[in-house]
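Student: Line order of the protein sequences matches chains A and B. Here the numbering used here is used: the first sequence runs in plain steps of one and ends on residue 277. Here the numbering used here is used: the second sequence runs in plain steps of one and ends on residue 310.
Careful: at least some of the hints might be erroneous.
Stated by the list, open to error - Result set (EDC-like, lysine to aspartate or glutamate): computed pairs, CA atoms no more than 16 angstroms apart in a straight line: (1) A:35 x A:55; (2) B:243 x B:297; (3) A:159 x A:272; (4) B:13 x B:245; (5) A:247 x A:227; (6) A:273 x A:40; (7) B:177 x A:54; (8) B:177 x A:55; (9) B:159 x A:7; (10) B:248 x B:272; (11) B:177 x A:56; (12) B:159 x A:9.
Calculated directly from the structure, the hints in this document are not laboratory data.
Take a look at the letters that make up each chain.
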Amino acid sequence: MGKSNSEIDRRQFLKNGAFAIAALGAAGVGVNYLKKLNKENAKTLLRPPGAIHEDEFIYACIKCGLCVQICPIEAVKLAGINDGLSYGTPYIDPLMQACDFSCDAMQCVETCPTAALDFIPFKKAGENALTDYQKANPTPGPDYNPFVVQSKAMKSNTKMGLAVINTTTCLAVKGEGFKGVPRESGFKGVYRSPNPKRQERKASPVNDHQFNREICDLCVTECPIGDTAIILEEKPGTDGRKQWQPKVLDACTGCGVCVMICPTTPSSIVIEKLEMV
Amino acid sequence: MINIKKLTPIPAKRREEMPNSKLGITFKEWKASNPNKNKWRNIRWGVLLFMNFLFWASFAFDIGILEGSLSGSRFFGIYLMDPFNALQEMFIGSSTGFFAMLTTNFFIGFFIILIFYFLLGGRTFCSWLCPYHFLAENTEKLHNYFVKKKKIKEHNYNKGIKYIFWTGFLLLAVLTKVLVFETINPVGIISRAIIYGPGLVLLWVVALLLFEIVYSKRFWCRYVCPIGVSYSVIGKLSPTAIKFDLSKCGHCRDCQDVCLVPHELWFVKRGEATKEIHFAGADCTRCGLCVDVCYGDALKYTIRGFDKIT
Chain A
1 MGKSNSEIDR RQFLKNGAFA IAALGAAGVG VNYLKKLNKE NAKTLLRPPG
51 AIHEDEFIYA CIKCGLCVQI CPIEAVKLAG INDGLSYGTP YIDPLMQACD
101 FSCDAMQCVE TCPTAALDFI PFKKAGENAL TDYQKANPTP GPDYNPFVVQ
151 SKAMKSNTKM GLAVINTTTC LAVKGEGFKG VPRESGFKGV YRSPNPKRQE
201 RKASPVNDHQ FNREICDLCV TECPIGDTAI ILEEKPGTDG RKQWQPKVLD
251 ACTGCGVCVM ICPTTPSSIV IEKLEMV
Chain B
1 MINIKKLTPI PAKRREEMPN SKLGITFKEW KASNPNKNKW RNIRWGVLLF
51 MNFLFWASFA FDIGILEGSL SGSRFFGIYL MDPFNALQEM FIGSSTGFFA
101 MLTTNFFIGF FIILIFYFLL GGRTFCSWLC PYHFLAENTE KLHNYFVKKK
151 KIKEHNYNKG IKYIFWTGFL LLAVLTKVLV FETINPVGII SRAIIYGPGL
201 VLLWVVALLL FEIVYSKRFW CRYVCPIGVS YSVIGKLSPT AIKFDLSKCG
251 HCRDCQDVCL VPHELWFVKR GEATKEIHFA GADCTRCGLC VDVCYGDALK
301 YTIRGFDKIT
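Input sequences plus hints: build the corresponding full structure.
Tutor: Pasting the structure below:
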């Protein structure tokens, strides 16, 4: 008695289907394992501004790379296969190229279609800043620029991490000055100097900037947020000598410009992610 | 699986009633006098390569025409979303509350893709845009060569398992809270490799291609890829289609030989067609290979509804 065609078809479907389910199950187990590994791995991976919590980020990001494309200074990069489950997701390596808010309007956050980089808090911060400004100055001065007010508030709303200073290698702590260009020759990183004398509208290479400081305070003067984020604190030393130390304050956004500009090798500042506690 | 009430096939034509019989020559002679043309294949490869070039050039030269990659992009500022990625996001989102955070651009992109591929129909994305398809389509010839030389055996599976994979990947995404499919998706991997530079992960794509060459023809595209399934569901009732005209058909089945999804051309076999006019089904990629190869113009591109007016 021969089997009908549909009967053979049905059996093949069941057989192949069982195989497919087994393969899917294996993939699920593998991914679950990788997810556990990724928790450790993601601690070192600094996400672009506005990134939601790592547990959500890992599924919210569809790895399209729009944030990479929009970044004017190419600070955002896509992680490679070495980063396991984070493969294809965006990160920032501040030592190579920090985020210096060159775009002014958090473009990588605004461009993200899936809200892995969530724009809503930035939007709110910008709007609040405008209303606050209008309340404080009912008749705005002639140099009033709503965009600047808004973008400043949006910048300050970023919380990628927190700068942590290594006090054993920091030049200021040692009481040393700094002269010359901050990074090794051939370094390609760029940033926009907040120094009012330069009035930079576009980012320029780090090594185009010549510094001459009695006490090294590059991280403090070049911070795009300013003295609400990092200050140089004077401390009386143990042997009566004056001692200096950069102190990171609450407004630090973790953008990493200080990491990039620090003239010591390795950099005396690192950015630590906040959310992984 | 699902038993559709089958229409009785139209009885096969006699040899004298074949379209070429009017010329007084045999089908073989007639076929030889109509050389194979590659019009649609060339157009299609042109579009595929140009669009992927546009993705690359938009980033490389910062011209901003087609930004992003195939998993999500922006065409002149208009967002486009990969439908399966979008579905996964929405499913995970509904289970975690992330759904409310999804942006307007996300839904604009999703619905534009839905409408666009509904109009084009079937798995148009596959053969007209997908870079993995381009590689697989060409390595398929190598596979066919090995089969013909009897170096390897053909391994076929049930075409229905792609729906199991589709559901499974969606479930996995919800259960593990990771875009499982996107991490192994060769389409996204190649697209990112083209745009952002190659990486070691391309070895996975090479492995897949090798598997397809030496073991099972077009394994990924036919039995696994949920992106293709999504598109085939979107474009199932699309107006654009491949139209089959039984009265012009000589039953040479050359079209089935070149077809990338031969089961969709089941009606070209002698005595199988149940209607005078058939349309290729949802898995049809609208690649046009059958249109190119058909000597009697029995297979043609058509827009359903409009073909009756002209």
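Student: Against each hint, give a clear statement of whether it holds in the structure.
Tutor: How the hints compare with the structure:
Restraint check for residue 35 of chain A and residue 55 of chain A: the C-alpha separation of about 9 angstroms stays at or below 16 angstroms, so the hint holds. Among the hinted pairs, residue 243 of chain B with residue 297 of chain B is consistent with the structure: their alpha-carbon atoms are about 10 angstroms apart, no more than 16 angstroms. A C-alpha spacing of about 11 angstroms is found between residue 159 of chain A and residue 272 of chain A, which places the hinted pair at or below 16 angstroms, so the restraint holds. Between the alpha carbons of residue 13 of chain B and residue 245 of chain B the distance comes to roughly 13 angstroms, so the proposed pair stays at or under 16 angstroms and holds.
A C-alpha spacing of about 10 angstroms is found between residue 247 of chain A and residue 227 of chain A, which places the hinted pair at or below 16 angstroms, so the restraint holds. Proximity of residue 273 of chain A to residue 40 of chain A is assessed by CA-CA distance (about 12 angstroms); at most 16 angstroms being required, the pair is judged to hold. At roughly 11 angstroms between alpha-carbon atoms, residue 177 of chain B and residue 54 of chain A fall within 16 angstroms of each other, so this suggested pair holds. For the suggested pair residue 177 of chain B and residue 55 of chain A, the alpha carbons sit about 8 angstroms apart, so the restraint of at most 16 angstroms is met.
For the hint pairing residue 159 of chain B with residue 7 of chain A, the CA-to-CA distance comes to about 15 angstroms; that is within 16 angstroms, so the pair holds. Distance restraint check for residue 248 of chain B and residue 272 of chain B: the Cα-Cα separation of roughly 15 angstroms lies within the 16 angstroms cut-off, and the hinted pair is therefore satisfied. Using a Cα cut-off of 16 angstroms, the hinted pair residue 177 of chain B and residue 56 of chain A holds, with the two alpha carbons roughly 8 angstroms apart. At most 16 angstroms may separate the alpha-carbon atoms for a hinted pair to count; residue 159 of chain B and residue 9 of chain A meet this at roughly 10 angstroms.
Every hint, counting from the list given before, is met by this structure.
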